[in-house]
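Chains as they are written, first to last, in the numbering used here: chain E, 1 to 455; chain H, 1 to 108; chain A, 1 to 408.
If you are wondering where the hints come from, they were derived from the structure by calculation, not from laboratory data. Watch out, some of these pointers could steer you wrong.
[Unchecked claim] Covered stretches of chain A, as calculated for chain H (at least 3 residues, CB under 8 Å):
1) 65–76
2) 126–134
[What the hints assert, rightly or not] Below, in silico cross-link-like pairs of lysine-lysine (DSSO-like), each with a Cα-Cα straight-line distance of 27 Å or less:
3) 131(E) with 420(E)
4) 408(E) with 420(E)
5) 131(E) with 414(E)
6) 77(H) with 27(H)
7) 77(H) with 65(A)
8) 27(H) with 68(A)
[Unchecked claim] Here are the simulated distance ranges between beta carbons:
9) 261(A) with 76(H): 46 to 56 Å
10) 55(A) with 31(H): 25 to 35 Å
11) 25(A) with 75(H): 43 to 53 Å
12) 55(A) with 55(H): 32 to 42 Å
13) 242(A) with 428(E): 51 to 61 Å
14) 128(A) with 77(H): 12 to 22 Å
15) 87(H) with 55(A): 20 to 30 Å
16) 242(A) with 55(H): 34 to 44 Å
17) 125(A) with 99(H): 53 to 63 Å
18) 229(E) with 25(A): 15 to 25 Å
19) 210(A) with 49(E): 17 to 27 Å
20) 210(A) with 430(E): 54 to 64 Å
Beta carbons: idealized from backbone N, C-alpha and C, even for Gly.
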Amino acid sequence: MSALPAPAGRGEPIWRHWIVGGVASTVANLINGRSIETAYRLAARASSPATLHSIQTWKLRRTLLHAARHSPFYRRLFRRHGVDPANVSHPSELGDLFTTPQDLLDHPAEDFLCRPPQVLYETSGTARRRKTVYYSHQEVESTTSLMAIGLYHVGIRPSDRVISTPDYHSWTGGPWWARAVTKLGAFGAFPGKIPPAEVYRRLAEHRYDVLIGDVSWILRLTELARAQGAPPLGLIVGASEGLPRRSRQFIEEVWGARMFMCYGCTEGAGGMECRFRSGYHLNEFSFLCEIVDQDADGNGEVVFTTLDRTTMPLIRYRVGDVARLIPDPCDCGIATRRLSPLRGRSDEIVMLGGEGVAPSLFEAILSEVPQVSGTWQAAICRDGHQDVCDLRLELDGGDVASVAQQVKDVMRAKFETTWKDYQLGLFDLRFTAVPRGALLQERKLRRLVDERERD
Amino acid sequence: MSDETGSTHFGGPTRSVERAQVSAQVKRFLADELERDIAEMRDEAHLFDDLGLDSLLFLALFEELQGEYEMTIDTRKLARFGRRNPVETLGELIDLITRIIRGEVTID
Amino acid sequence: MDDRVVISGIGVISPFGVGREAFWAGLADARRAVSSMAGLEALPEAYRYGGQLSDFRPEDIIGTKGLKYLNDATRLLLCTAELARRDARLEIAPDAAEDVGVVVASSFSNVGDCVGFYESLLSPAERTNPLRFPNLFINIAGGNLAIRLGIRGLNTTVTNGATSSLDALQYGLTALRCARARVLLVGGLEVLSPALVEGFWRAGMLGDTMAPRPFDRRRRGLILAEGCGVLVLERADAVRDRGAPVYGEVAGYGSVPVETGDEAVAAGEAIAEAMRRALAAAGIRIDEVDWVAAGAGSSPSGDRGEAMALRRLFAAEPHRLRTSAIKSMIGEAGAASGMLQVIACLLAAEHDRVPPTVNCEEEDPACLVPAHVRDRSVPHTIRTAVVNSFDCDRAASLVVRRSDALLQ
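Let's have the full structure, built from the sequences with the hints guiding it.
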């Protein structure tokens with residue numbers, strides 16, 4: 001059973017959606033600035049699937065027309081695919097027209113910008129180049145309002161005291177959580193990704209009720225709390241990475257608080273679990289999500305189209321995550337659909353200690369260690385509640401200990417964010433010398449493999 | 001025991017009792033009840049201002065004396081009598097009690 | 001002008017022992033303070049249980065002088081008030097004595113004295129001592145407290161059944177706001193006696209479970225208790241002048257009659273409405289409540305009513321909420337219960353811990369309570385707590401806020 005009506009056929013008159021969607025959207029925007037609680041009630045209760053569909057259809061049409069007019073990239077892309085934006089009612093009608101992360105890297109920013117930008121973020125991760133995503137201040141406000149609604153939905157209230165630890169650096173995490181908490185009206189501290197021990201001290205001193213953090217960081221804090229005593233916490237929000245069921249149980253048992261997961265990316269799309277914790281309710285007011293190349297279970301690549309962005313709209317952006325959409329309505333009453341926990345990535349990037357790492361990271365590091373031959377593999381496993389990066393190396397002379405030291409030296413010197421995550425204990429590094437030829441059993445040696453179990 | 005005139009007096013012979021004996025009894029009783037030193041129970045002591053006597057303690061005192069001297073006193077008449085014949089100091093109270101016991105005073 | 005009413009001193013003597021530390025230790029360790037009572041041979045053995053004071057010697061706290069004709073209730077109140085006075089570092093100067101007042105909540109604390117007095121009157125052999133006469137009046141304790149401390153301001157004893165303590169606090173709150181006093185000693189006081197327990201038994205209100213079992217499907221009625229809690233209440237601006245520390249604030253109050261009809265339903269509706277009014281008066285939202293100190297005391301219908309009220313009010317399952325009933329540990333202390341619950345809130349806030357409901361191993365499915373803390377106390381930050389008191393006539397609720405919550 002699908003919660004949304006089927007996409008409108010080609011050429012369906014838009015005027016009905018225009019009226020409903022336009023009015024609802026305008027009202028929502030007006031309210032957004034005023035009270036998160038009111039906005040929440042509107043979003044959660046008043047939005048039926050039909051209203052949501054109208055809003056999305058109207059906004060999509062508006063976005064496509066805007067991109068066609070102002071973005072050289074999309075102008076070219078629409079022409080190449082023979083797309084008339086005035087006639088499109090659903091992204092699936094765009095066939096195999098997609099935007100890829102590679103497109104963002106291959107083309108200059110001006111190709112995508114529709115207006116002068118006001119805010120800049122870079123994607124996290126250690127791929128060779130970072131993608132830059134631009135926003136206006138108003139777009140940041142809209143997105144963080146929806147994040148505030150998500151926080152409200154899991155039970156955070158203006159009277160709560162919140163400590164938010166996702167990092168600042170150049171991505172959206174730190175600043176957006178801070179803005180969302182502030183919008184909610186809660187008391188907040190936003191120290192970023194500082195060592196868990198420092199936050200541990202402050203928990204009791206300042207009596208925080210709510211903790212927001214990257215999953216791997218929260219796990220290290222939880223281990224501290226288990227050893228030294230857990231100050232009372234009411235609720236925990238985890239971000240950035242997946243959370244195995246065992247680890248969520250571990251966290252909840254130590255703190256005696258419920259933990260809610262969220263999903264998001266620098267390019268903007270996001271979602272939050274509700275109290276039933278069976279998938280991420282997507283922000284379908286601002287993003288139109290699809291799953292493409294679905295397998296028999298419905299898992300496929302997550303693709304989203306921005307609906308509210310006028311600075312740098314993205315149309316059918318392949319974000320790289322693999323998951324499925326849960327079409328059934330949720331008992332919590334929120335009309336937006338849920339994205340399942342991620343099954344993996346469609347590219348080679350793997351989450352390690354809260355950050356995406358690509359094979360290029362390890363290539364870059366290991367190329368500076370002469371004793372490591374060209375045959376190596378980085379395997380991400382899990383030990384208890386910690387990610388472990390096991391570097392399986394065919395050594396050309398030298399011993400594991402000195403190779404390990406050199407690898408760490410290179411990481412410290414040249415890959416500071418990864419090194420910081422390692423220092424914080426967000427992942428462990430292991431070095432395994434493998435016998436010659438052992439790694440080449442498979443036809444193709446995959447440089448970076450994720451050997452962690454999926455729930 | 002009372003007769004038709006409504007006054008109360010003792011049946012039987014009037015008692016012969018020394019003031020000193022009554023004084024000792026009253027002072028010992030009050031010192032005990034008020035949790036004060038017996039030396040404070042001077043004849044010149046003001047019943048209310050100095051010793052803090054109240055109506056219930058008076059009643060208790062007369063209960064005690066009734067038992068001791070086998071008398072019966074109607075408390076309402078005693079109260080009326082007390083209003084008409086107020087006493088201010090401990091010494092005056094002891095004098096009055098002594099006369100009551102001796103039967104020299106009619107309480108009505 | 002800061003007319004909030006704050007609590008600057010706590011005194012408590014309870015079945016857990018004498019003083020604040022003993023009271024908190026009992027709550028935090030989830031001790032069961034109900035024990036077998038003497039003098040109840042007329043009752044079946046299973047009914048001879050109550051939460052009794054132990055290790056209480058008035059002479060240890062206020063000396064021996066002047067206690068001779070004071071009944072047990074008065075002695076208990078005097079001692080508890082003395083603990084509160086010391087805690088608040090309150091000195092009552094003669095020229096300020098008219099600004100200090102006393103409010104006492106008590107309903108059956110002198111039943112034993114009344115029965116004893118009448119027995120003496122009816123006994124031909126015994127002479128009744130008139131000095132025992134004042135103990136027939138429920139306000140004897142409050143009156144003697146004022147005499148002993150030289151307090152010359154307002155003096156009231158509140159006898160309103162289960163809601164007495166909360167009503168007394170509301171009375172005090174209003175009096176302070178109207179400047180009828182600058183400082184008040186507000187106490188909740190009850191003393192058990194065999195006649196009283198027998199009376200409850202004959203009225204069919206006592207339970208034979210030997211331990212109070214709030215919200216448990218095996219509950220069968222009350223198990224009585226005695227104890228006294230005294231708070232020193234002042235206006236916030238007066239406390240600042242005095243430089244005394246503050247535990248918290250009496251922030252809001254609601255009181256609603258229980259209608260006729262199904263006992264549980266009627267009680268539940270009244271409790272829910274009382275809580276709503278108290279929260280509204282305090283300006284507190286439902287999702288800001290950190291602890292509900294439930295009034296459930298093993299009543300078959302009353303406990304169910306309170307559970308219904310809590311489920312309805314907290315249907316959104318706010319993450320901060322915790323609920324428990326401390327009568328499970330000490331028993332039903334009548335007019336004093338509300339005060340003991342309020343003191344439990346202040347101490348729980350100080351220690352960041354919520355005491356549990358004990359003896360509730362088999363939760364009644366009809367009495368499920370949101371965020372129920374059972375068996376062991378749990379760490380929790382308490383900034384706002386709600387106390388419930390109710391019987392078949394009336395329900396009242398009081399909102400208590402922790403002192404540093406005032407800074408927010």
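Now the hints, each set against the structure:
1. For the stretch 65–76 of chain A, the stated coverage by chain H holds: 3 residues have a C-beta nearer than 8 Å to a C-beta of that chain, and at least 3 were required.
2. Counting residues of the stretch 126–134 of chain A whose CB falls under 8 Å from any CB of chain H gives 6; the rule of at least 3 is met.
3. This hinted pair checks out: residue 131(E) and residue 420(E) have alpha carbons roughly 21 Å apart, not beyond 27 Å.
4. The suggested pairing of residue 408(E) with residue 420(E) holds, with an alpha-carbon distance near 11 Å, which does not exceed 27 Å.
5. A threshold of 27 Å between alpha carbons decides the hint, and for residue 131(E) with residue 414(E) the separation of about 19 Å falls inside it, so the pair holds.
6. Of the supplied pair hints, the one linking residue 77(H) and residue 27(H) holds, its CA atoms being roughly 24 Å apart against a limit of 27 Å.
7. For the proposed pair residue 77(H) and residue 65(A), the alpha carbon gap of about 33 Å is over 27 Å, so the pair is violated.
8. Proposed proximity of residue 27(H) and residue 68(A) is supported: the alpha carbons are some 18 Å apart, at most 27 Å.
9. Against the hinted window of 46 to 56 Å, the Cβ-Cβ separation of residue 261(A) and residue 76(H) comes to about 51 Å, which satisfies the hint.
10. Distance hint for residue 55(A) and residue 31(H): a CB-CB separation of about 32 Å, consistent with the stated range 25 to 35 Å.
11. The supplied range of 43 to 53 Å is met by residue 25(A) and residue 75(H), whose beta-carbon atoms lie about 51 Å from each other.
12. The supplied range of 32 to 42 Å is met by residue 55(A) and residue 55(H), whose beta-carbon atoms lie about 37 Å from each other.
13. For the hinted restraint 51 to 61 Å between residue 242(A) and residue 428(E), the CB-CB distance of approximately 58 Å keeps it satisfied.
14. For residue 128(A) and residue 77(H), the Cβ-Cβ distance of about 19 Å falls inside the hinted range of 12 to 22 Å, so the restraint holds.
15. Range check, residue 87(H) to residue 55(A): about 46 Å between beta-carbon atoms, so the 20 to 30 Å window is missed.
16. With their beta carbons about 38 Å apart, residue 242(A) and residue 55(H) fall inside the hinted range of 34 to 44 Å.
17. For the pair residue 125(A) and residue 99(H), the supplied restraint of 53 to 63 Å is violated, since their beta-carbon distance comes to about 31 Å.
18. Separated by about 19 Å at the C-beta atoms, residue 229(E) and residue 25(A) satisfy the suggested range of 15 to 25 Å.
19. In this structure the supplied range 17 to 27 Å is violated for residue 210(A) paired with residue 49(E), their Cβ-Cβ distance being about 57 Å.
20. Restraint check, residue 210(A) to residue 430(E): a C-beta distance of roughly 60 Å satisfies the suggested window 54 to 64 Å.
Of the numbered hints stated above, those contradicted by the structure are hints 7, 15, 17, 19, listed in ascending order.
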